[in-house]
Every structure is written in structure tokens, then in C-alpha cells.
Amino acid sequence: MATHRPLTFSGPLPDHELQSLSDDQLIAYVSAMRTRGHREAAATGLAHLVFGHWENVRRRVVLRIPAQDVEDVTGEIITSAVRSAFDGTSKGEFVVWMNTITKRRIADFFRDRERTLDTDSLDAVTAAGREPASDGEVDRAGYLEVQAIIEELLAERSPDHRRIIEIMVFDDQTADVAVTEVPAVTTENAYQIVSRFRRDLRRRLAARDIPPDAS
Numbered sequence: 001m002a003t004h005r006p007l008t009f010s011g012p013l014p015d016h017e018l019q020s021l022s023d024d025q026l027i028a029y030v031s032a033m034r035t036r037g038h039r040e041a042a043a044t045g046l047a048h049l050v051f052g053h054w055e056n057v058r059r060r061v062v063l064r065i066p067a068q069d070v071e072d073v074t075g076e077i078i079t080s081a082v083r084s085a086f087d088g089t090s091k092g093e094f095v096v097w098m099n100t101i102t103k104r105r106i107a108d109f110f111r112d113r114e115r116t117l118d119t120d121s122l123d124a125v126t127a128a129g130r131e132p133a134s135d136g137e138v139d140r141a142g143y144l145e146v147q148a149i150i151e152e153l154l155a156e157r158s159p160d161h162r163r164i165i166e167i168m169v170f171d172d173q174t175a176d177v178a179v180t181e182v183p184a185v186t187t188e189n190a191y192q193i194v195s196r197f198r199r200d201l202r203r204r205l206a207a208r209d210i211p212p213d214a215s
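Start counting the sequence shown at 1; every next residue gets the next number (full-length UniProt numbering).
These are computed hints drawn from the structure, not numbers from a lab. Virtual Cβ for every residue (Gly too), placed ideally from N, Cα, C. There's no promise every hint is true.
Label-pair distances were calculated between CB atoms; the ranges are [to be verified]: (1) 183 <-> 84: 17 to 23 Å; (2) 108 <-> 183: 18 to 24 Å; (3) 19 <-> 170: 44 to 50 Å; (4) 200 <-> 96: 28 to 34 Å; (5) 15 <-> 156: 24 to 30 Å; (6) 159 <-> 40: 19 to 25 Å; (7) 24 <-> 155: 38 to 44 Å; (8) 199 <-> 47: 27 to 33 Å.
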């Protein structure tokens, strides 16, 4: 659990102390180190802030975005969240703002793709005498397939289990939040439900990539 250190810092902190700071405290620390000219300390604090959220954001992005774009979109989300934290445009707690940016950026990803034509694909399919597909259609193919798998897995679950998965996986909330809304499920069971869902999803995604004639 993060310590409640006052948001004032006179000098660089060691890594083990940085690890105990909350997001808001890290933001204050980085700002203080920049003001005092401690650039290396500021960079270290920023790294703790970024990598503390990278995997959580990436885990949410990978369920929605084609694989080849996951790292780029994750990086854009983190960059936007960090930039807004330091320019004063973020709203509320950093982690909540990060979740908001994640949802918006995923939605923007597909809106942008639907407005853009992939000229390489256009030339290729035109030469073959076929109707060209938009970049949105090309990128959405993998996304829609993954979404179909997710929907199949959710359909196999009970309503309570589906809601637990929606809260903990897609809304990125804690088990405590989930069981408050679904009191019939215990915290321990909530973790098991999510673990089974992720395991089944990985298995289905892996099977999707195996050629039909593979043994």
C-alpha cells in the first residue's frame, strides 16, 4: 500500500522509497525533481510511474486492438496520461484518468482506421480485380474475431460470472468492487472466475492461430 508522504520532496529518493509512493506522489516528486534540476531523479520517478501502469493498460488494449498495434496504442495511452498529469489537464485520480484515456483511445483507434484507406491494400486488390477494402475493414477483422471469441466465452458463463468478468477485466476494477455488485460471489471465487476466463481466452486465441491441418 502506498505511504502517505507529504507531496513535498527536497531531494532524490532511492528506488525502494519510490516504489511506495502513490501515483499522485510520484507526479509531485517528478515535478519537484525537475524544478530542482535533478533530471536523472525525475527520469527515474517517471519510469516508476509509467511502468507501474504499462502492463495493466496493455492487458486491456490487447483484448480490443489488433496484435500489431498493441504496443503503439499502449504507448500512446501512457504518454497521453502522463503528459496531462504534468500539464494540469488530467481529471481526478491518475489511475481513473488513465482508464478514461484507455477507453477513448481504443474507440479513436477504430474511428481513425475507418476514415483512412490503406493505399498498399488498395493497389494490391485493384490489380487483382477485386473491390478494395478499407483500412478499417482490414484492421477490424482481427478485432472482430477476438470480440467473437470473447462473446462466446461470456455466453458460456452464468450472469453473475459474466458480470464479475466485465467488472474486473473490462472495467479494470478490483475483486472487492465486483463482489459488492454481485454479492452471491466471494472475493476468492471472483479471482478464480477471472483466472479461468483469461486461461480459456488464451487457449481459444492460441487455437485460432493453429493451421487447420496441424496436429
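*So the hint says 28 to 34 Å: do the beta-carbon atoms of residue 200 and residue 96 match that?*
Roughly 29 Å apart at Cβ, these two residues keep to the hinted range, so it holds.
*asked:* Can you tell me whether the CB distance of residue 15 to residue 156 sits inside 24 to 30 Å?
replied: violated, 44 Å
*Measuring from beta carbon to beta carbon, are residue 159 and residue 40 in 19 to 25 Å?*
violated, 52 Å
*Indicate whether the distance between the beta carbons of residue 199 and residue 47 respects the range 27 to 33 Å.*
holds, 31 Å
*Go ahead and decide if the range 18 to 24 Å is satisfied by the Cβ distance of residue 108 to residue 183.*
violated, 36 Å
_Verdict for residue 183, residue 84 (Cβ pair) under range 17 to 23 Å_ = violated, 36 Å
*Is the hinted range of 38 to 44 Å satisfied by the C-beta distance from residue 24 to residue 155?*
holds, 40 Å
*Starting from the range 44 to 50 Å, see whether the pair residue 19 and residue 170 falls in it by beta-carbon distance.*
violated, 28 Å
Hint violations for this structure: numbers 1, 2, 3, 5 and 6, all remaining hints satisfied.
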